[in-house]
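*Asks:* Let's have the full structure, built from the sequences with the hints guiding it.
If you read the sequences in order, they're chains U and W.
Our numbering puts the first sequence at residues 1 to 243.
Our numbering puts the second sequence at residues 1 to 434.
Derived by calculation from the structure, the hints in this document are not laboratory data.
Worth double-checking, as some hints may not be accurate.
Claimed, not checked - Computed Cβ-Cβ distance ranges for the label pairs, DEER-style: (1) W:V12 x U:V233: 29 to 39 Å; (2) W:P33 x U:F167: 48 to 58 Å; (3) W:S259 x U:F167: 50 to 60 Å; (4) W:T22 x U:Q94: 23 to 33 Å; (5) W:F370 x U:M185: 53 to 63 Å; (6) U:Q94 x W:D86: 22 to 32 Å; (7) U:A193 x W:P405: 48 to 58 Å; (8) U:A193 x W:S259: 23 to 33 Å; (9) W:F370 x U:M1: 33 to 43 Å; (10) W:N14 x U:E116: 44 to 54 Å; (11) U:F222 x W:Y317: 30 to 40 Å.
Fair warning: this is a prediction, and the values are worked out from it, not measured in the lab.
Ideal placement from N, C-alpha and C gives every residue a C-beta, glycine not left out.
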Amino acid sequence: MNLLILGANSDIAMAAAHEFAAHEGATILLASRDVERLERKAKDLEIRHQIQARVLPFDAVDYASHAAFYEALDPKPDGVILAFGYLGDQASAQRDWGEARRIIESNYTGAVSILEIIAADFEQKGRGFIIGISSVAGVRGRQSNYIYGSAKAGLKEYLSGLRQRLFKCGVHVMTVLPGFTRTAMTEGMDLPARLTAEPEDVGRDIYRAWRKRRRVIYSRWFWRCIMHIIRHVPEFVFVRTKL
Amino acid sequence: MTKISGWGRYPVVNAATFSFETPGQLSEHLARPGAMIPFGMGRSYGDSALCEQIVCTRRARSIESFDPETGVVVCDAGVSLAELIDVFLPRGWFLSITPGTKYITVGGAIASDVHGKNHHSAGCFSACVDWFELMLPDGSVTRCSAKKNAELFRATCGGMGLTGVIVRAQVRLQPVPSAMIDQTIVKARNLEEAFELFEQYSSWTYSVAWIDCLAQGNHLGRSLLMVGEHAGNQPLRLLPNRKLNVPVDFPAFTLNSLSVSLFNSLYYAKTFGRMTQNQTAIDPFFYPLDAIHNWNRIYGKPGFTQYQFVLPRAASYDGLKQILTRIAASGQGSFLAVLKLFGAENDNYLSFPMEGYTLALDFKITPQLFPLLDTLDEMVHEIGGRVYLTKDARLRPDTFRQGYPGLEDFMKVRRQYGLPEKMQSLQSRRLNLQ
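*Replies:* Structure representation (structure tokens):
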């Protein structure tokens, strides 16, 4: 299996890559802007799992480059994990359109651009899988991070439509909604210990759910219950909460 | 700010934590104002990895190279021993030296210069470290080995993270024929028999004894000696065991002298004959407690401490007898007490082991505990022994100083490399370790 990881410096994506390398013996293509950091991770994957791993430069918001990036892949991947994203800073995004735009483009626009190219290929071949990492923040917009949340919601809904489109031709599209996870992205944030997962937990959840061909998963599982409640709080109550 | 503690869950501090993946990020953290200390997986028991600023080393954990001919691994210091076992045991390689938990980092193993059941034949962890790279407060990276920058090497091995942050290391694994251990368990009815058995079985690669610290009188020092060798003709790959978990804190009264003494008696009685031989997997042999996630919660909210000391060999028998009598009289129970005969001392300035017998026991934190431990400290130092810093949360500076003659050299290296200001832990301050 050839597995392409877009945004491979994400801790969650890397944890998932280790699962696919360990259990599927997958050849891993790691793609990200920061190629230097990836080289060490590729070597690490190779030693740990005795598989092949390669590194490719990829910029999620350089839309013009996406077609050529995918064109150059040989062989084409059997599956893709899309993990790039940018949390940004809500407060500065409220003041600064540049920051807001960066959040929207890194989490949503970039994903649409590259996934349409990949989906066309998978659709034509009639096989392949796409795993997209969204977030529980995309389930209901909250004042603390709604710009990031809305971009992740966009990705979630995009994957929903893509899943429906590709279902007919046997291509599996899975949406992953991680909750609090101890990653580089959340470094320095004071997360509630009991609700916070390690990237390895999420990576394992992703791999297991992929094996079962699940469509939408929360990770850890209890976020399904938490978000079910949050989603159903009536607006007149919701606007008064501090969530 | 995060609430953070060592494995004993005492003391707890509020700390700012920083992680790094690249040396560049680490040097930025080190450039911040104020003192800090590296923190790996939090398995040191006391306050040796605690400070108001903590550098977490677990994010950088790439394995860089492995030579299948020699078993030499180069990796980031944040790689855990468990990861090395998972990756390399199926290929026939195991740690040359391993402590009683595999959930520690390579960097932590060096900083505590950990020892294992084969200390009498293989020495401390530093004996399997070819070199490591250490980042100093100014952001420079220095490669240290027994030959190159030897003083910094000797200060860092066992140096409790006080000499900078270890970033990479080259360690040597040992080839093993299988993932199984041939184990022999022998009963010792008292301390005298236990000592005789250690001598008698000294040619075995691995040896350790579980000792019942609550037994008194004729039974004082009754124990089970466990010795082992790597087994041949067995598979290298085993099915993983399901792990147990302790999901919540036990009430603080769960472990009292009655329940512990009952446990110890049952454990002792479990082995019927005087000698049992069997085969066991590497995990239960080396890491019996790792099978229970969060086992430190059984001591409840107040936390616990582990007290480990070593006595010079010649004075060990009489010394241990006195100390065990004192502990048994106190009735302050230990769930698990471990006795082992160490081999020769190495020349790292603060490494704990010296030739002689070491005893490690757990104590629940209670108001009566610290006076008892102060008394034990005095007895230990009178006999010429020392207390292990990796497990310590309460030792006093004067008793510490007597136990570690290498301290002056250690502090000299600290000064020479500009470390006293930047690298500090609650422990280093308590012990007045400049």
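*Asks:* Work down the list of hints and note, for each, if the structure agrees.
*Replies:* Results of checking the hints against the structure:
At roughly 35 Å, the beta-carbon separation of V12 (chain W) and V233 (chain U) lies within the given 29 to 39 Å, and the hint holds. A beta carbon spacing of about 57 Å between P33 (chain W) and F167 (chain U) agrees with the range 48 to 58 Å that was offered as a hint. At about 59 Å, the CB distance of S259 (chain W) to F167 (chain U) agrees with the hint of 50 to 60 Å. Checked against the hint of 23 to 33 Å, the C-beta distance between T22 (chain W) and Q94 (chain U) comes to roughly 31 Å, which is consistent with it.
Range check, F370 (chain W) to M185 (chain U): Cβ separation about 42 Å, and the 53 to 63 Å hint is violated. A hinted range of 22 to 32 Å is violated for the C-beta pair Q94 (chain U) and D86 (chain W), which are about 45 Å apart. The hinted window of 48 to 58 Å between A193 (chain U) and P405 (chain W) is violated, with their beta carbons roughly 42 Å apart. The supplied range of 23 to 33 Å is met by A193 (chain U) and S259 (chain W), whose beta-carbon atoms lie about 29 Å from each other.
In this structure the supplied range 33 to 43 Å is violated for F370 (chain W) paired with M1 (chain U), their Cβ-Cβ distance being about 58 Å. Checked against the hint of 44 to 54 Å, the pair N14 (chain W) and E116 (chain U) passes, with Cβ atoms roughly 48 Å apart. Between F222 (chain U) and Y317 (chain W) the CB atoms are about 55 Å apart, so this pair departs from the stated range of 30 to 40 Å.
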